[in-house]
Every structure is written in C-alpha cells, then in structure tokens.
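2 protein chains.
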Amino acid sequence: MGTDNNKEVAMIRRIAGNFTRHPFQVNQLMEADAEIIPYHGEYLVLKTDGVHEEIKTKLYEDPALIGWMAVTAPVSDIAAVGAVPEGILLSLQLPQNENEDWLAKFQEGINHACRHYNIYVLGGDTNFSDSVSISATVVGHIKSGRPLLRTGMKPGDCLYATSLLGAGNAFAYSRFFNQALEIGFRPAARLVESKVIRRYATSCIDTSDGLFPALAVLSEVNIVGFDLQTPLIKLLSEEAISVHRHAELPEWMLLAGPHGEYELLFTVAGEKQQDFEIECKSEGWNPVYLGKVVDTPHIDFLSGPMKVRCHPSGVANLFYESNGDIFAYLESLMQQHKNWVVEFNQAP
Amino acid sequence: MGTDNNKEVAMIRRIAGNFTRHPFQVNQLMEADAEIIPYHGEYLVLKTDGVHEEIKTKLYEDPALIGWMAVTAPVSDIAAVGAVPEGILLSLQLPQNENEDWLAKFQEGINHACRHYNIYVLGGDTNFSDSVSISATVVGHIKSGRPLLRTGMKPGDCLYATSLLGAGNAFAYSRFFNQALEIGFRPAARLVESKVIRRYATSCIDTSDGLFPALAVLSEVNIVGFDLQTPLIKLLSEEAISVHRHAELPEWMLLAGPHGEYELLFTVAGEKQQDFEIECKSEGWNPVYLGKVVDTPHIDFLSGPMKVRCHPSGVANLFYESNGDIFAYLESLMQQHKNWVVEFNQAP
Numbered sequence: 001m002g003t004d005n006n007k008e009v010a011m012i013r014r015i016a017g018n019f020t021r022h023p024f025q026v027n028q029l030m031e032a033d034a035e036i037i038p039y040h041g042e043y044l045v046l047k048t049d050g051v052h053e054e055i056k057t058k059l060y061e062d063p064a065l066i067g068w069m070a071v072t073a074p075v076s077d078i079a080a081v082g083a084v085p086e087g088i089l090l091s092l093q094l095p096q097n098e099n100e101d102w103l104a105k106f107q108e109g110i111n112h113a114c115r116h117y118n119i120y121v122l123g124g125d126t127n128f129s130d131s132v133s134i135s136a137t138v139v140g141h142i143k144s145g146r147p148l149l150r151t152g153m154k155p156g157d158c159l160y161a162t163s164l165l166g167a168g169n170a171f172a173y174s175r176f177f178n179q180a181l182e183i184g185f186r187p188a189a190r191l192v193e194s195k196v197i198r199r200y201a202t203s204c205i206d207t208s209d210g211l212f213p214a215l216a217v218l219s220e221v222n223i224v225g226f227d228l229q230t231p232l233i234k235l236l237s238e239e240a241i242s243v244h245r246h247a248e249l250p251e252w253m254l255l256a257g258p259h260g261e262y263e264l265l266f267t268v269a270g271e272k273q274q275d276f277e278i279e280c281k282s283e284g285w286n287p288v289y290l291g292k293v294v295d296t297p298h299i300d301f302l303s304g305p306m307k308v309r310c311h312p313s314g315v316a317n318l319f320y321e322s323n324g325d326i327f328a329y330l331e332s333l334m335q336q337h338k339n340w341v342v343e344f345n346q347a348p
Numbered sequence: 001m002g003t004d005n006n007k008e009v010a011m012i013r014r015i016a017g018n019f020t021r022h023p024f025q026v027n028q029l030m031e032a033d034a035e036i037i038p039y040h041g042e043y044l045v046l047k048t049d050g051v052h053e054e055i056k057t058k059l060y061e062d063p064a065l066i067g068w069m070a071v072t073a074p075v076s077d078i079a080a081v082g083a084v085p086e087g088i089l090l091s092l093q094l095p096q097n098e099n100e101d102w103l104a105k106f107q108e109g110i111n112h113a114c115r116h117y118n119i120y121v122l123g124g125d126t127n128f129s130d131s132v133s134i135s136a137t138v139v140g141h142i143k144s145g146r147p148l149l150r151t152g153m154k155p156g157d158c159l160y161a162t163s164l165l166g167a168g169n170a171f172a173y174s175r176f177f178n179q180a181l182e183i184g185f186r187p188a189a190r191l192v193e194s195k196v197i198r199r200y201a202t203s204c205i206d207t208s209d210g211l212f213p214a215l216a217v218l219s220e221v222n223i224v225g226f227d228l229q230t231p232l233i234k235l236l237s238e239e240a241i242s243v244h245r246h247a248e249l250p251e252w253m254l255l256a257g258p259h260g261e262y263e264l265l266f267t268v269a270g271e272k273q274q275d276f277e278i279e280c281k282s283e284g285w286n287p288v289y290l291g292k293v294v295d296t297p298h299i300d301f302l303s304g305p306m307k308v309r310c311h312p313s314g315v316a317n318l319f320y321e322s323n324g325d326i327f328a329y330l331e332s333l334m335q336q337h338k339n340w341v342v343e344f345n346q347a348p
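Residue numbers (my numbering), protein chains in the order written: chain A, 1 to 348; chain B, 1 to 348.
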C-alpha cells in the first residue's frame, strides 16, 4: 500500500475542506453521513448523493435500478443519522432523445422507491447531456432525540451491521466479470432499523461504499481500530457466498470493494449490548455482530484460514490506487491476497 | 416556429410530470422557482439547480465564475419565491487531477458567493468525471407571509424587472462570437429586492433563462400575454447596449437567448403600483417597468422601429429548435428578425 492515509478522506478534505461551514451545523466535515442543522427544537437533515460512476461504468444499466438507487443512496444516509426522510429533489442529466420506455422505467424506479420510503419528489432540475447522470438531495428531520454521527465510538464498543454484507460487491463482480452468476441487487435503506439503532448506538455509518471503506472512515474520524472477531465467512450475504464459491474469491474481497450494500454499520457500548439485541429481536430483526472497537489503528480479521492484520485504510485505498480501472483493481486485490498468504504462512 | 407550445415546459412535464408530489407542497410543477413546504408555521424552501451546459459549451471557463454561479443560480430561485437562503449542498463532478490553482479559484468563487448571500456550505458529494459539472441545492425559509409563485398575475397587472436586462446574453454573445467585446458577467441574486417585492407582487420568476423564456413560462402557467410598452432599447443593460451597438444585434435578440441575467421579473396590481415604486425608492432602488399583463396569449414589443406581436413561446422555442447549436441558433434568430422586418414593412 502506497500510503497510510485514507485516500477518499484526503480527497474530500482537499475539495470540501476550504468551504465555510454553517455555525450551527451539528456535524463537521466527515463526521456524519448527512448534514444536520438545529431547527425549531428539532433537527433538519439534508443529504446530496449521486449515481454517476455506477452508470458510467455500466454497473447499473437497468433504468428501474438507476431510479431506485438514486433515491435509496441519499435515503440510506438519512437513516444512518437516525432521521426520517420527507422529500427528494432530483438533478437529472439525460440524453435529449432518451427513449420513452427507458424514461418510463426510470420514473417508475424513482416512484417505487419514494413509495417504499414514504417520501415525495419535491422538485428538481433537468439538463441534457450525452450520458445519464443523476444527483439527488433528500430532506428529512429528527423530531426528538439526538442525531447519530460517525463519531462517538469508544474502544470496547461492539460493532454491528443491520444485516449480512457483500451483496453490492457480489453484484459488481457478476456485472463486470461473470454475468452468468446472475446476482440481483436492489438494496433498501434501513429506515426501520435506524429507529432502534439511534437509541442505542454510539456511532453509525452506512455501507454504501462497502464494509472495509466504511471501517476506514470510522477509524479515521474516531482514531480507533477494529477487531473483527466474527469470521468474515459468517458476515457474507447469500449473494456474496455465491460469488465466493463460484468465483473462488476470498471472503475479504467481497467486503473490500467500493460498491456497498447500504446496510448500517454501528457501534453499541458493551453494557447496552444485551438490551439492544433483545429490542431488535422484539422488532423482528437480528443485528449481525462483527467484533469490537480497539484503540490501536488497525483492522484484524479472519478470512478463510488466515488471520490478517492490516492498516484501517489499506483495503479501502486499493480501489483509489487503481484509478477506477476495474481490471487493475481486481489484480491488486489478488496481489494483496497473495502477499497476505505469504505473510500468514511465514508467521511463527 | 414549429409549434405553439413552450418546448422547455413540455420537456419538464414529460420528465417530471410522472413523479408523485408531496401532499402538502404549496407549488405544483412549474408553479414556482423553488419548492415550498409548510413547516412549523413557516415555509421550508428548497431548490436544486446546476451549472452544466455553461461549462460544457465553455460559456463559463473561469473557475471563480463557475463557483459563483453554482451558488447564485439556486439562490436566485430562492429570492424569486421571497425566501431567505440558509445553506447549500454541492454535488461536484470534477476531473480526478484538476489542478490546485483551478480548485482554489473555484472554492474561492463558492466561498465568495456564500459570504455575499450570508449562507454556508452544509455538505455535498464529490465524484470524479472527465469534465466539470456542478449541481447545488439551497435550503431556505420564509418566516412569515406567503411565498411568491409564478402564478397569480391578472390582466392589467404591471410587469417589472429588478434592473435592466440582457447582460447574460451580451456575455454569451461576446464569449461565443466576439471575445474582443470583453463583456463581464457576475450577476447577484436579488435577495434584498425580493423582501419588498414579496409584499407587493402577484407573481414572480427569475430571469435566469432570459426575459423571453421567462415570459413564455409566465404566459403558459397564467394563460396570459404581455404588452411590453417600454421600448426594448430602454430595458437593456449597459453590457447589452454595448453588444447591440458593436455587433449590430437587434434589441430583442439580447433578451431572447437562454443565458439570462438573474434579475427578478414580477407583476404588481395596478392599484399598488404607486406605493410599490415609492417603497422601492425608499429602499434605494428603482424597479424597471416593462408593461402590462394582457388576457390574450401573445407578446407585443417594440424593437428598434418595429412593433412586433409574437406567440409567447415563439422566441423561447428558437433555442430549443436549434438543438443547442449556438451558430444555428444565431442564424435562426437572424432569420426570425428578417421575417419580422418583412412583416413590419408589409403592414398597412
């Protein structure tokens, strides 16, 4: 790995670090998945997110999926701060002569997601462009209680996800390398689960960028590391297990890539662990336990027979170092795996 | 002109008309420059706007101008509904290796505009792309009183603009056809003027798309026409007069193009005209009187020696019919002018 710093965080600081921020804004740069402002004794919550790369690389081609994801991506961030979404504004760049069938399916994807999350299209802006590109801003609110931030976790806290992970990377692998695998993808933002999580969690982020990139951000903003005690094989969703088996990809790779699964990743203090798990069960879902927050900046994990310790940004940076070249990226993942196998076999 | 309908309005209805709208939203599609939702006895106001075409066509190349306009465009819409802006979210698409100098100037343009409008960057989203493209969402509020809509004008109402017009098209002409003209451009959203306007106006729109396109929208949503009693030469800003003289462009052409000047265009009922003008004067500015709202769907105007009557969307549609080809567009403007000269000379 070239450097120890998280390259995405560095990029965001370089581009957004010089902007003057709102004096009453709850979250500083990188501290939360959405922007939070006190408003009439409540919090107003806003988030802009886009579907650009996924369309350009043809990861998403189905217009219904593009519409669904344009809404789901920012709503997932609203869920990660414990807020309730209200409406969405769309910034669309579409080819001037996009066909009616494409447009109807795209609109249905948007409407379907809006109905699912009980939100409405408030407005937007449409421009013509050579290719499709979509950005969306969701507005929401927190009526009572505090917002969830990415910051706040302490060493010893338990790390959880709302569900099994890896579906996003499994989908990406099948799209780019082996379409015969037929992996489906239509994640839903975890608004329901967020209502319980916000009452227990010490911090939260969504896994829209994948597990390892999310851990890299959490490590950077909290100055901590993670001991993933649960073997990665037990964290993988059905789709990820399928790719793990058929493509013989090591477990960790399905949690490494930047195409995430839109689960929530959060921490709960040890003394609240039991109450939290009981309440989740009473609400009809079971959080997935990953491990513990530790005070040293590394990630320990178990992938196959290997026990690996890496820098928190090590895995996340592999994608940035590939400059978006998906074949170079897979190669660098494979090379990293080989290095770890050698290290593991040489360990005393 | 190919058809009588406004082509931009038709495009927006085609793309956005099928989305489910918020049940409490004040404005229907096309009815306001920004989205307005009742919120705790006030109104929450949101607007997404983008700087895409202006960058692609190289109308804007100066990064400081791009930053300034990315903020000014949506803030101008916030002014047009009589609201106060609070903060902005940026959706940036930037080349991965955009140089530091470009980035610093762009950031300074953003920060400069935010200071000018007393707002803050709340957050955003950055993606890498081959070319620069920016979309921004402004959030604002109306603490008391009603929002201004594009709808509400009645025949007999007086039509005003906050200042002289044509600077946007003069700038575009100089950029595309004669850079030696050295026309500057840095419009400011009319937030101060908006505070008086909102207490008097029956309707309002900004001229971000130019005067004739704004009139076309107002005509379509109010089912009215306009009698521009003031000769167009008296409506032109210094920059527009300069291009009118040096490039020998007819007056109306400087008000025709889609690159507007970000003034507010609004109507005041006849009986309030005097009070309104007195109050503006006491606030240190003079609105520009254009003419009257009429109940028949056409625009009458005086350009040079000509008295012209055209369909409200006639001038606005010329740009859409040119498919974004700026040379074809200038040619179609010239052809339209020739046709009107022939008609005028043949008139009894």
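Hint data in this document are derived by calculation from the structure and do not stem from the laboratory. Be careful, since some hints might not be right.
Partial pick of chain B residues on the chain A-facing surface, computed with a CB cut under 8 Å [said to hold, decoys possible]: (1) Met11; (2) Ile12; (3) His22; (4) Thr48; (5) Val84; (6) Gly87; (7) Asn99; (8) Ile110; (9) Asn111; (10) Asn118; (11) Leu122; (12) Ser129.
With a Cα cut of at most 27 Å, we get these calculated BS3-like pairs of lysine-lysine [as the list claims (entries may be wrong)]: (13) B:Lys58 x A:Lys56; (14) A:Lys105 x A:Lys143; (15) B:Lys154 x B:Lys307; (16) A:Lys154 x A:Lys292; (17) B:Lys234 x B:Lys272; (18) A:Lys56 x B:Lys56; (19) B:Lys58 x B:Lys105; (20) B:Lys143 x B:Lys281; (21) B:Lys281 x B:Lys234; (22) A:Lys143 x A:Lys58; (23) A:Lys143 x B:Lys143; (24) B:Lys154 x B:Lys292; (25) A:Lys154 x A:Lys105; (26) A:Lys105 x B:Lys7; (27) A:Lys58 x B:Lys56; (28) B:Lys281 x B:Lys154; (29) B:Lys307 x B:Lys7; (30) B:Lys292 x A:Lys7.
Just so it is clear, CB atoms sit at the ideal spot from N, CA and C, and this is done for glycine as well.
Against the structure, the hints come out as follows:
The interface hint given for Met11 (chain B) holds, since its Cβ lies 7 Å from the closest Cβ of chain A, which is under the 8 Å cut-off. Hint status for Ile12 (chain B): holds, given a least beta-carbon distance of 6 Å to chain A, under 8 Å. With a cut of 8 Å, the hint placing His22 (chain B) at the interface with chain A holds, because the nearest CB-to-CB distance is about 4 Å. Residue-level restraint check for Thr48 (chain B) holds (minimum Cβ-Cβ distance to chain A is 4 Å; threshold 8 Å).
Against a cut-off of 8 Å between C-beta atoms, the interface hint on Val84 (chain B) is violated, since the closest Cβ of chain A lies about 14 Å away. A least Cβ separation of about 5 Å between Gly87 (chain B) and chain A falls short of the 8 Å threshold, and the interface hint therefore holds. Because the closest C-beta pair between Asn99 (chain B) and chain A is about 12 Å apart, greater than 8 Å, the hint is violated. Because the closest C-beta pair between Ile110 (chain B) and chain A is about 6 Å apart, less than 8 Å, the hint holds.
Among the interface hints, the one on Asn111 (chain B) holds; its C-beta lies about 6 Å from the nearest C-beta in chain A, closer than the 8 Å criterion. With a cut of 8 Å, the hint placing Asn118 (chain B) at the interface with chain A is violated, because the nearest CB-to-CB distance is about 11 Å. The criterion of a C-beta within 8 Å of any C-beta in chain A is met by Leu122 (chain B), whose closest approach is roughly 4 Å, and the hint holds. Because the closest C-beta pair between Ser129 (chain B) and chain A is about 7 Å apart, less than 8 Å, the hint holds.
A distance of roughly 23 Å separates the Cα atoms of Lys58 (chain B) and Lys56 (chain A); the hinted pair therefore holds under the 27 Å criterion. Distance restraint check for Lys105 (chain A) and Lys143 (chain A): the Cα-Cα separation of roughly 34 Å exceeds the 27 Å cut-off, and the hinted pair is therefore not satisfied. For the hint pairing Lys154 (chain B) with Lys307 (chain B), the CA-to-CA distance comes to about 24 Å; that is within 27 Å, so the pair holds. Taking the CA atoms of Lys154 (chain A) and Lys292 (chain A), the gap is near 10 Å; set against the 27 Å cutoff, the hint holds.
With a C-alpha separation of about 23 Å, the suggested pair Lys234 (chain B) and Lys272 (chain B) falls inside the 27 Å cut-off, and the hint holds. Taking the CA atoms of Lys56 (chain A) and Lys56 (chain B), the gap is near 18 Å; set against the 27 Å cutoff, the hint holds. With a CA separation close to 17 Å, the supplied pair Lys58 (chain B) and Lys105 (chain B) stays within the 27 Å bound. Between Lys143 (chain B) and Lys281 (chain B), the direct Cα distance comes to roughly 25 Å. Compliance with the 27 Å bound is thereby established for this hinted pair.
Distance restraint check for Lys281 (chain B) and Lys234 (chain B): the Cα-Cα separation of roughly 19 Å lies within the 27 Å cut-off, and the hinted pair is therefore satisfied. Under the criterion of a C-alpha separation no larger than 27 Å, the hint pairing Lys143 (chain A) with Lys58 (chain A) is inconsistent with the structure, at around 39 Å. With a CA separation close to 19 Å, the supplied pair Lys143 (chain A) and Lys143 (chain B) stays within the 27 Å bound. Between Lys154 (chain B) and Lys292 (chain B) the alpha-carbon distance is near 9 Å, which keeps this suggested pair within the 27 Å criterion.
Among the hinted pairs, Lys154 (chain A) with Lys105 (chain A) is inconsistent with the structure: their alpha-carbon atoms are about 45 Å apart, more than 27 Å. For the proposed pair Lys105 (chain A) and Lys7 (chain B), the alpha carbon gap of about 23 Å is at most 27 Å, so the pair holds. Taken as a hint, the Lys58 (chain A) and Lys56 (chain B) pair is honoured in the structure, with Cα atoms around 23 Å apart against an allowance of 27 Å. Restraint check: the Cα-Cα separation between Lys281 (chain B) and Lys154 (chain B) comes to about 25 Å, which is no more than 27 Å; the hinted pair holds.
For a cut-off of 27 Å, the pair hint linking Lys307 (chain B) to Lys7 (chain B) stands: about 25 Å separates their Cα positions. Between the alpha carbons of Lys292 (chain B) and Lys7 (chain A) the distance comes to roughly 59 Å, so the proposed pair goes past 27 Å and is violated.
Of the numbered hints given earlier, the model fails hints 5, 7, 10, 14, 22, 25, 30; all others are met.
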